[in-house]
Amino acid sequence: MSGNQRENAFPTRQVLQIYKKKAKGAQKGYDLLKKKSDALTVRFRALLKQIYSTKSSMGDEMKEASFSLAEAVWAADSKFKYKLIDKPMDARIRVRVQNDNVAGVRLPVFEKMTDQSAAAAEAYGLARGGKEIEKCTKKWTTLFENLIQLASLQTSFLALDEAIKVTNRRVNALDNVVIPRTKNTIKYIESELDELEREDIFRIKKVLEVKRVKEAVERSEFMAFQDDAAASSAADQANMMNAYDTKDEDVIF
Amino acid sequence: MEVGKLVAVIGDEDTVSGFLLAGVGHRTANSTNFLVVKPDTPLKAVEEAFKSFSTRDDIGIILINQHLASDIRHVLKDYNQTIPTVLEIPSKEHPYDPEQDYIMTRVGMFLSGGG
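Quick note, the sequences are listed as chains A and B, same order. The numbering used here numbers the first residue of the first sequence as 1 and each following residue consecutively. The numbering used here numbers the first residue of the second sequence as 254 and each following residue consecutively.
Only chain A is shown next, with the shape it has when bound in the complex (with noise of 0.2 Å):
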């Protein structure tokens, strides 16, 4: 798909530098990538482990909390939910999010935080059954914590999932775009150098030899010059002397 395609560059040696260092970043961003990807899809299989044998018990958790409220219900006071839904409250537990890091990737984690300057639990005005729901409380409560770890455990796998996602799919367009791109542009700009060192050549050549051609011929007709007037001279000289050959009547000879 994307096999031949390079691009655009202007041939010249500085540009060729310039690419060149581009592939050797390319690669190199590959490989860091490559390795993030790695760390990360480790960590995260690791999680996938954890979130189901944690989300299959915690079913079992639920329902003895559960039962521990029947029990408390039965034992106190009926209405003792609908006091308890019904009176203004702080909450007592909320939860801090905290960031845990792995290879770059920040993930969310939940911390139980008391807060103990919310209203501590109060009596909720019934006469019996204290114990009981002591016990459930303590049983939520325990619930309570183990679901934020749950949570943070859901958390951080969403987080992972979205990071890997993309760690790959920049992996990906590296090694299957830019690198390629790159290295066809380094080609063609290096065939492109060839040819025009190549033209180069020929041309020079090719003045020489004008050059060569042009001293030839001045040569000869200089040469040809030269004899001209060397024939013209003695044919000169010929003339004079047939000057005194003619014959002159007061010659007697």
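Bear in mind the hints are in silico, worked out from the structure with no lab data behind them. Keep in mind it's a predicted model, so treat the numbers as computed, not measured. Where is the CB? At the ideal position from N, CA and C, for every residue including glycine. It is possible that part of the hints are untrue.
As the list claims (entries may be wrong) - Keeping only pairs whose Cα atoms sit at most 27 Å apart, straight-line, the calculated DSS-like set for lysine-lysine is:
#, chain 1, residue 1, chain 2, residue 2
1, A, Lys87, A, Lys138
2, A, Lys28, A, Lys49
3, A, Lys79, B, Lys330
4, B, Lys291, A, Lys135
5, B, Lys345, A, Lys112
6, A, Lys112, B, Lys297
7, A, Lys49, B, Lys291
8, B, Lys304, A, Lys87
9, A, Lys87, B, Lys297
10, B, Lys297, A, Lys135
11, A, Lys83, B, Lys291
12, A, Lys87, B, Lys345
What the hints assert, rightly or not - To spell it out: a stretch of chain A is covered by chain B in this simulated footprint if at least three of its residues, at any positions, have a beta carbon under 8 Å from a beta carbon of chain B; those stretches are:
#, region
13, 29-40
14, 89-98
15, 151-158
With chain A held as given, fit chain B onto it using these hints.
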């Protein structure tokens, strides 16, 4: 001092009561962080509660009973925020069913597919 985020609960009476006992509940004059869903609670109310909890930035986790989550599955399907994170929990009447839990199905896919 950092103020932690609340944990919201959308569930049946028992679930909510249990968590309120643990101290999760927060009720002020203008907002609460939980919704008790009774058999006659309209689905719209559940949807609204979820939408409002998920847009509040003082809530870190939303706990929701699994059967309720299935009821508003169409809203959950498009939910992709990291915070608040949605955790499905079983209820007394509806024990945990991993096949309904969106997260578990994806985990299962990875574990069985990718190994």
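**Asked** Is the Cα-Cα distance between Lys49/A and Lys291/B 27 Å or less?
**Response** violated (35 Å)
**Request:** Mind taking a look at whether chain B covers the region 89-98 of chain A? Criterion is 3 or more residues with CB to CB distance under 8 Å.
**Result:** Since 9 is at least three, the answer is holds.
**Prompt:** Given the proposed pairing of Lys28/A with Lys49/A, does the C-alpha separation stay at or below 27 Å?
**Reply:** violated (33 Å)
**Message:** Quick check: do three or more residues in the region 29-40 of chain A have a beta carbon closer than 8 Å to a beta carbon of chain B?
**Reply:** As far as the region 29-40 of chain A goes, the hint is violated, because 0 residues have Cβ atoms under 8 Å from chain B.
**Asked** Quick check: the region 151-158 of chain A, covered by chain B? Criterion 3+ residues, Cβ under 8 Å.
**Response** As far as the region 151-158 of chain A goes, the hint holds, because 5 residues have Cβ atoms under 8 Å from chain B.
**Prompt:** Is Lys345/B close enough to Lys112/A, meaning Cα to Cα at most 27 Å?
**Reply:** Holds, because 25 Å separates the two Cα atoms, which is no more than 27 Å.
**Message:** With the threshold set at 27 Å, check whether the alpha-carbon distance from Lys297/B to Lys135/A stays at or below it.
**Reply:** violated (35 Å)
**Request:** Quickly compare the C-alpha distance for Lys87/A and Lys297/B to 27 Å and report which way the hint goes.
**Result:** Holds. Lys87/A to Lys297/B sits at ~25 Å (cutoff 27 Å).
**Item:** Given pair status - Lys87/A, Lys304/B, alpha carbons within 27 Å
**Value:** holds (24 Å)
**Request:** Could you grab the alpha-carbon distance between Lys83/A and Lys291/B and see if it respects the 27 Å cut-off?
**Result:** Answer holds: Lys83/A to Lys291/B is near 16 Å, not above 27 Å.
**Message:** So if I understand the rule, the pair passes when the alpha-carbon distance is 27 Å or less; does Lys79/A with Lys330/B pass?
**Reply:** With Cα atoms ~36 Å apart, Lys79/A and Lys330/B exceed 27 Å; violated.
**Message:** Lys87/A and Lys345/B were given as a pair; does the straight-line alpha-carbon distance stay at or below 27 Å?
**Reply:** Roughly 24 Å between the alpha carbons, so the hint for Lys87/A and Lys345/B holds.
In the structure shown, a violation is registered for the earlier hints numbered 2, 3, 6, 7, 10 and 13, in ascending order.
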